[in-house]
Amino acid sequence: MIGAGKAKQYANVVEKPLSKGKQEVSLSAFALLFSELVQYNQTQVDNIAELERRLEDAGYAVGARVLELLCHRDKGNRRETRLLGILSFVHSTVWKVLFGKVADSLEKGTEHEDEYMISEKELLVNRFISVPKDMGTFNCGAFAAGIVRGVLDGAGFPAVVTAHFVPVEGQLRPRTTILIKFAEEVLRREAKLG
Amino acid sequence: MAPLAPRSGDAVFANVERVNAELFTLTYGAIVRQLLTDLEEVEEVNKQLDQMGYNIGIRLIDEFLAKSNVSRCVDFKETADVIAKVGLKMFLGVTASVTNWDVDGTSCSLVLEDNPLVDFVELPDTCQGLYYCNILSGVIRGALEMVSMKTEVTWVRDMLRGDDAYELRLKLLKQVPEEYPYKDDE
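Going line by line, the protein sequences match chains A and B. Numbering of the first sequence is given in the numbering used here, commencing with residue 1 and proceeding in unit increments. Numbering of the second sequence is given in the numbering used here, commencing with residue 1001 and proceeding in unit increments.
Some hints here could point you the wrong way.
Computed beta-carbon distance windows for the label pairs [what the hints assert, rightly or not]:
| hint | chain 1 | residue 1 | chain 2 | residue 2 | range |
| --- | --- | --- | --- | --- | --- |
| 1 | B | V1074 | A | V131 | 36 to 46 Å |
| 2 | B | E1078 | A | D74 | 35 to 45 Å |
| 3 | A | R188 | B | G1129 | 42 to 52 Å |
The calculated SDA-like cross-link candidates involving lysine to any residue, where the alpha carbons are at most 25 Å apart (straight line), are [to be verified]:
| hint | chain 1 | residue 1 | chain 2 | residue 2 |
| --- | --- | --- | --- | --- |
| 4 | A | K101 | B | G1029 |
| 5 | A | K16 | B | L1160 |
| 6 | B | K1174 | B | L1160 |
| 7 | A | K22 | B | E1122 |
| 8 | B | K1077 | B | R1161 |
| 9 | A | K101 | B | R1169 |
| 10 | A | K20 | B | D1104 |
| 11 | A | K101 | B | D1010 |
| 12 | A | K20 | B | V1016 |
| 13 | B | K1067 | A | E190 |
| 14 | A | K20 | B | F1120 |
| 15 | A | K101 | A | G136 |
| 16 | A | K16 | B | T1095 |
| 17 | B | K1150 | B | D1062 |
| 18 | B | K1047 | A | D46 |
| 19 | A | K121 | B | V1019 |
| 20 | B | K1067 | A | R127 |
| 21 | A | K22 | B | K1150 |
| 22 | B | K1085 | A | L27 |
Just so you know, these hints were derived from the structure itself, not from any lab. Remember, predicted model here, so these are calculated numbers, not experimental data. Glycine included, every Cβ here is placed at the ideal spot set by N, Cα and C.
Input sequences plus hints: build the corresponding full structure.
Okay, here's the thing in structure tokens:
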């Protein structure tokens, strides 16, 4: 028929060739979709902690898939096995693919050995979000934290990942810091590997 | 004479900020999975996706009008064309072809040439009744309602359900006359 779609049919999804990941959609399309995700989840919870947990879960689902996709496409089916390797994979590769840029910084926590921080001056998911006063410390970055946790967990680095606003001097908007606290076993394994 | 509406959204799409389509696709997937877990019934999920799309549509139309340089469409045929060539392009980076007009010119089909929502997706047996892309029909319905057109938008072909294309049926139910003067202070 006239004007039939060009899209090809495949017997199942794994037969379909993997895209190169260069396709784009408008930022507004993503922002509007993300806003619906947040609004919907607001109707499902009684408190901020629960809302953040649900956004984190949604992010986790994204992160787990991103890890699989990137390892397959960009790394010849290999993944990082060392702590610093996986952290820089998240900070550089994952960030670049998802948010179009490398994250602003990756630092080691000064007080605790098991803590690392990825900071972003203006995190994509927080760009069009202003948190109402009555919602306290709520941070939509929980979604990005979930992505990070999904990637790390999938790669065998279980961690607790949280998102926080950190005020920056001389700037109107705070930056978002994603705090990664690795599970004990990860550090033990890392120490053994030397 | 009013300037001719652009026949393609390429220029607009090139000028707006963009994000990787995979982030969009996977985020949408996460939303659908959340809905399936929460609502359990596939029918309810279809409804919720449509509602989310509607919410997006009524906001998105403002940006569309502000950035697309499209002037008022003379008839529904032009409207459908603008959605297919400018609207879809501007937001999703894809286009559609408009076909299968009925004799009155009030309903037609949009056949998507590409669909960024469905990458990596396969419907399991338990979700056969799901209209995975139902958010999109909601968006179009919502956006058109804001420019005085009540429409019904439904999926007639869906490749995730084994069809050979993604086809949306657009039906104009009625043109709502604009009310004037607007009561600003109510």
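| message | So, against the hints stated earlier in the document, which numbers end up violated here? | response | As far as the earlier hints go, 6, 8, 9, 10, 13, 15, 21 are violated by this structure, in ascending order.
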